[in-house]
Amino acid sequence: MNFQGYRRPSGKTGLRNHVLVIPSVVCSQGAAEAITRNLKGAVYLANVFGCAQVGADREQTKRTLVGFGTNPNVFAVLVVGNGCENLPAKEISEAIIPSGKRVEFIEIQDVGGTKKTIAKGRRIVREMLADAAALEREPIPLRELIMATECGGSDYTSGLASNPALGAASDLVVGEGGTVILSETTELIGAEHLLAKRARTPEIGRKVLDLIAWWEKEAIATGQDIRGANPAPGNIAGGITTIEEKSLGCIYKGGTTTLEEVIRYAFPPTGKGLVLMDTPGHDIDQLTGMMAGGSQIAVFTTGRGTPTGSPIAPVIKITGNAETYRKMKDNIDLNVSEILQGKETVKDAGKRIFEEVIAVASGRLTKAEKLGQRDFCIFKIGLNF
Amino acid sequence: MAGKLKTILINEKDNVATAIVALKAGTNVGLEIQGRQERIKLLSSIPMGHKFALREIEKGVDVIKYGEPIGRTTAHISRGEHVHVQNVVSHRGRMEGA
Chain A
0 MNFQGYRRPS GKTGLRNHVL VIPSVVCSQG AAEAITRNLK GAVYLANVFG
50 CAQVGADREQ TKRTLVGFGT NPNVFAVLVV GNGCENLPAK EISEAIIPSG
100 KRVEFIEIQD VGGTKKTIAK GRRIVREMLA DAAALEREPI PLRELIMATE
150 CGGSDYTSGL ASNPALGAAS DLVVGEGGTV ILSETTELIG AEHLLAKRAR
200 TPEIGRKVLD LIAWWEKEAI ATGQDIRGAN PAPGNIAGGI TTIEEKSLGC
250 IYKGGTTTLE EVIRYAFPPT GKGLVLMDTP GHDIDQLTGM MAGGSQIAVF
300 TTGRGTPTGS PIAPVIKITG NAETYRKMKD NIDLNVSEIL QGKETVKDAG
350 KRIFEEVIAV ASGRLTKAEK LGQRDFCIFK IGLNF
Chain B
0 MAGKLKTILI NEKDNVATAI VALKAGTNVG LEIQGRQERI KLLSSIPMGH
50 KFALREIEKG VDVIKYGEPI GRTTAHISRG EHVHVQNVVS HRGRMEGA
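If you're matching them up, the sequences are chains A and B in order.
Take the first sequence: its position 65, counting from 1, is numbered 64 in numbering that gives the first Met the number 0, and each next residue is one higher.
Take the second sequence: its position 72, counting from 1, is numbered 71 in numbering that gives the first Met the number 0, and each next residue is one higher.
A hint or two may mislead.
[To be verified] Just so you have them, the derived chain B footprint on chain A, three or more residues with Cβ under 8 Å:
1) 151–164
2) 188–197
3) 242–248
4) 263–274
[As the list claims (entries may be wrong)] Quick list of simulated restraints, FRET-style, between CB atoms:
5) V84(B) x T221(A): 30 to 36 Å
6) Q36(B) x T200(A): 36 to 42 Å
7) V84(B) x S9(A): 48 to 54 Å
8) A24(B) x K326(A): 34 to 40 Å
9) V60(B) x P8(A): 25 to 31 Å
10) E31(B) x K216(A): 54 to 60 Å
11) A132(A) x D61(B): 25 to 31 Å
12) V20(B) x N37(A): 33 to 39 Å
13) I32(B) x N1(A): 33 to 39 Å
14) I219(A) x V20(B): 40 to 46 Å
15) D224(A) x A74(B): 50 to 56 Å
16) L382(A) x A24(B): 55 to 61 Å
[Said to hold, decoys possible] Below, simulated DSBU-like cross-link-like pairs (lysine-lysine); rule was C-alpha separation at most 30 Å, straight line:
17) K100(A) x K369(A)
18) K3(B) x K350(A)
19) K40(B) x K342(A)
What the hints contain is simulated information worked out from the structure, not anything from laboratory work.
Ideal Cβ positions, reconstructed from N, Cα and C, are used throughout, including at glycine.
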């Protein structure tokens with residue numbers, strides 16, 4: 000099966016054709032925003048890091064910013080720095096070059112102030128936009144899709160309707176040879192052994208268990224027990240019998256196929272099929288990590304409703320809660336609440352999600368894109384010094 | 000789809016389904032199980048969001064939902080019977096306090 004996408008010099012496929020302006024550091028974010036203002040097709044990242052970071056923390060920020068630059072949804076990149084930050088614009092720009100796309104960098108101290116930087120940046124971005132406009136979509140096999148999955152603002156409808164329906168869609172994407180990323184490691188707790196058993200090899204399964212052990216240790220170090228008393232009395236009254244059932248209700252959105260790989264935050268999958276990326280449960284941290292890992296599209300289930308979108312990728316939002324859909328129609332793309340009204344099966348809703356993914360991949364705009372919702376947040380793992 | 004469903008079957012490997020409305024004991028519910036239309040007579044009242052057995056489940060075996068074992072039966076469960084904390088335990092134990 001095919002969708003219509005943009006072929007990149009690297010051979011990868013974009014679903015969008017953005018010109019991306021990356022502020023390498025928090026103090027160049029204002030200039031980056033001004034450069035993209037009112038330029039259709041140009042987007043920037045609301046990066047608040049990039050200075051006074053060291054070690055693995057600095058590497059994670061760099062990898063995430065570079066990952067956005069190399070993401071195939073991006074046609075060309077301008078990196079804007081200040082000049083004295085410890086994550087220089089030049090370093091980010093050079094790491095994006097291997098993707099084969101046009102990448103430039105400018106620094107406020109070098110150009111001579113914010114106004115000149117904005118003027119110069121806008122000239123470069125206008126050129127890039129003109130080149131981007133010349134590119135046309137072409138048929139691309141579905142196996143080139145890397146679909147991120149996510150849930151947030153969950154309620155009882157998530158485990159019964161939207162996550163099972165998304166799981167059915169995830170299985171269809173993997174069945175076509177594509178890639179599905181499951182994330183939010185902390186949400187696996189209680190069902191990690193089941194995901195580990197589905198791993199391609201015992202080593203991959205071992206990695207799943209190690210991730211959970213690491214998160215629990217980190218939580219305990221801050222005085223918190225994230226395993227807690229689960230399921231809670233309210234869950235039991237609602238019909239949830241065991242912790243496995245509760246966690247499966249969340250992770251089922253990734254579908255039922257073999258777990259092929261476990262990857263660290265903001266790293267790209269190396270193969271196809273179902274992949275677990277180690278991220279926090281934080282909605283935007285995990286979305287950002289998956290996009291930095293090369294995902295071109297996300298499907299996000301919600302019970303209570305959420306406005307989330309990405310600067311560079313379509314985020315399709317789905318709810319199984321009829322009331323949430325009615326109240327938040329400007330944010331939610333698909334309503335699968337008919338599963339809970341007995342009018343649609345999980346399987347049929349999964350097919351509808353799959354069809355929406357193909358339509359959005361081929362250019363249909365999501366609600367978040369129409370609203371210009373562009374959330375960006377890097378999973379910070381160290382102190383600023 | 001013909002008629003209105005009263006239950007959700009999530010994965011075809013599952014041996015339980017979930018009621019999406021409160022169902023009284025004695026109700027006959029119709030659902031498609033692995034491509035076959037079946038009718039199951041409920042032996043217990045099933046509150047909304049709770050599970051019932053699609054077939055007889057022996058004591059000490061897995062309860063399957065989402066295609067995965069969510070726990071082990073502590074008693075024999077008949078087709079149409081309520082499946083919950085009174086006849087199922089977690090393989091992980093209850094994580095109280097940890």
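For each hint, the structure was consulted:
no.	hint	in the structure
1	151–164	holds (count 4)
2	188–197	holds (count 4)
3	242–248	holds (count 5)
4	263–274	violated (count 0)
5	V84(B) x T221(A): 30 to 36 Å	holds (31 Å)
6	Q36(B) x T200(A): 36 to 42 Å	holds (40 Å)
7	V84(B) x S9(A): 48 to 54 Å	holds (53 Å)
8	A24(B) x K326(A): 34 to 40 Å	holds (36 Å)
9	V60(B) x P8(A): 25 to 31 Å	violated (55 Å)
10	E31(B) x K216(A): 54 to 60 Å	violated (45 Å)
11	A132(A) x D61(B): 25 to 31 Å	violated (57 Å)
12	V20(B) x N37(A): 33 to 39 Å	violated (51 Å)
13	I32(B) x N1(A): 33 to 39 Å	holds (34 Å)
14	I219(A) x V20(B): 40 to 46 Å	holds (42 Å)
15	D224(A) x A74(B): 50 to 56 Å	violated (31 Å)
16	L382(A) x A24(B): 55 to 61 Å	holds (60 Å)
17	K100(A) x K369(A)	holds (26 Å)
18	K3(B) x K350(A)	holds (19 Å)
19	K40(B) x K342(A)	holds (21 Å)
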